[in-house]
Amino acid sequence: MTQIFTVTELNSRISDRLEGDLRLHDLWARGEVSNYIHHRSGHRYFTLKDREAQISCVLFRSNGGALDFEMNDGKNVLVYGDVTVYRPQGRVQLVARGIKQDEGLGFRHLQLEALKEKLAAEGLFAPERKRPLPRYPERIGIVTSPQGAALRDVLRTLGNYPARIILSPAQVQGEEAEKSIAAALLALRGRSDLIIVCRGGGSTEDLWCFNSEMVARAIFASDAPVISAVGHETDVTVADHVADARAATPTAAAKMAVPDLEEVQEALKYTKVRMMRALWTTLERAEDRLGHLQHVLSARRMYSLARDSRQRLDYLSQRLEGAEAGRLKSHKSRLELLAGRLGAVGPQETLQRGYAIARSGKGLIIKAEDVRPGEDIELILYQGRLRCRVLECRNDEEAML
Amino acid sequence: MKQEETSLEGALDSLEQIVEVLEDGKMSLEESLELYERGMKLVSLCQSRLQNAEKRIECLTGELPSDLS
Numbered sequence: 001m002t003q004i005f006t007v008t009e010l011n012s013r014i015s016d017r018l019e020g021d022l023r024l025h026d027l028w029a030r031g032e033v034s035n036y037i038h039h040r041s042g043h044r045y046f047t048l049k050d051r052e053a054q055i056s057c058v059l060f061r062s063n064g065g066a067l068d069f070e071m072n073d074g075k076n077v078l079v080y081g082d083v084t085v086y087r088p089q090g091r092v093q094l095v096a097r098g099i100k101q102d103e104g105l106g107f108r109h110l111q112l113e114a115l116k117e118k119l120a121a122e123g124l125f126a127p128e129r130k131r132p133l134p135r136y137p138e139r140i141g142i143v144t145s146p147q148g149a150a151l152r153d154v155l156r157t158l159g160n161y162p163a164r165i166i167l168s169p170a171q172v173q174g175e176e177a178e179k180s181i182a183a184a185l186l187a188l189r190g191r192s193d194l195i196i197v198c199r200g201g202g203s204t205e206d207l208w209c210f211n212s213e214m215v216a217r218a219i220f221a222s223d224a225p226v227i228s229a230v231g232h233e234t235d236v237t238v239a240d241h242v243a244d245a246r247a248a249t250p251t252a253a254a255k256m257a258v259p260d261l262e263e264v265q266e267a268l269k270y271t272k273v274r275m276m277r278a279l280w281t282t283l284e285r286a287e288d289r290l291g292h293l294q295h296v297l298s299a300r301r302m303y304s305l306a307r308d309s310r311q312r313l314d315y316l317s318q319r320l321e322g323a324e325a326g327r328l329k330s331h332k333s334r335l336e337l338l339a340g341r342l343g344a345v346g347p348q349e350t351l352q353r354g355y356a357i358a359r360s361g362k363g364l365i366i367k368a369e370d371v372r373p374g375e376d377i378e379l380i381l382y383q384g385r386l387r388c389r390v391l392e393c394r395n396d397e398e399a400m401l
Numbered sequence: 402m403k404q405e406e407t408s409l410e411g412a413l414d415s416l417e418q419i420v421e422v423l424e425d426g427k428m429s430l431e432e433s434l435e436l437y438e439r440g441m442k443l444v445s446l447c448q449s450r451l452q453n454a455e456k457r458i459e460c461l462t463g464e465l466p467s468d469l470s
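Chains A and B, in that order, give the protein sequences. Under our numbering, the first sequence has 3 at position 3, and the numbering climbs by one with no breaks. Start counting at 1 in the second sequence, then tack on 401, and there's your number in our numbering.
Since the hints were derived computationally from the structure, they do not count as laboratory data. Source: prediction; values computed, not measured. Among the clues, some could well be false.
In silico EDC-like cross-links for lysine to aspartate or glutamate, where the CA-CA straight-line distance does not exceed 16 Å [said to hold, decoys possible]: (1) K272/A to E438/B; (2) K427/B to D288/A; (3) K116/A to E213/A.
Work out the full structure, taking the sequences as your base and the hints as a guide.
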């Protein structure tokens, strides 16, 4: 006979069946923690999983004291508790009463570590391989989901920066995500100066595609530098390790990608000032040089003037010497001439004929009255002189011969 | 104007070089004036590039979501 249940009835029946099964009580389950949330209410929610399957778990606040270690994603644990059904959602869950840390790493975690080691050995994480980001990218490629908040954060932060923005859509979650991201990266080849690969926050599960080898290799092979911004600050994926730069969030990635517009404007203004200043300095230097040249030039002129003057002086003095000599010569000949003429009018010839020159202390004696009796006088003869004393002065005609 | 100066980065790089040469002061006055003029042209080129920035978003696989286009 067919029975029709309401959903409530159905979930009650499942619940009764499961919770009545003693094998699903007081059990231990082993697995890896993911999507761990320590809710405000004090309850802890997480997913326990292994390679094949997962189950929701909750540790109510009243049992929280049972934890003696730090719970976080990726941790391998042993959970002690009971299977129940959360009726409003028809969800089977494991209600934990105690949790112990399982020694040894989770399988997926081991896989991830192996991948990291392999890629590191190949040099994909090497710091010297990382390319510098262009300072002023003209074309910015973005690999992300067109619907995501991450894209909006990036676009808002890029603001008015003058660049072409090329969206290469990708699924960033789920089975196909790694292929989709790798393809989106490849599609940007030759089309961008810089690529931002981003995704908003999510569970470790959600972000797992960024731990894929395919994505890592696609980032590595990109012809433009890649900024990776996956999840929040604390989420570091393989993509982050391979990327040329890692940003904590999509917003941070956009800030990293472009310079601050105001800063660039300021820098331009300052450049203008620097150029003007430099030109001014050059002008001043040219002016100084001009002044100096002027100075040198005038000194040179003075010098050449002085040289000219000296030459002229030499010339003049030469001429002067010549003139002086000539004049002296003419003096000499004139002197000889005069001496000749003097000789002609001199007394010597007269004295030779027996005349004498009489003179007193007052000069020549021309008349008898020029002297007095008893006065000494001198007679100059043709040869020699006589000293004589006057006896008498007669002023008559007979005295004349 | 040279090819690489048409991009913002190229223009800013050239500008940086010009300022350095100018500040070095080894050019003649005439050369300096020429450089200065070229530098000023580059400054206004950069400024107009920065001011006439219209966001150009395109999508490699078709339509952009309506809130972005």
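Verification of the supplied hints:
no. : hint             : in the structure
1   : K272/A to E438/B : holds, 11 Å
2   : K427/B to D288/A : holds, 15 Å
3   : K116/A to E213/A : holds, 9 Å
The structure is consistent with each of the numbered hints, conforming to all of them.
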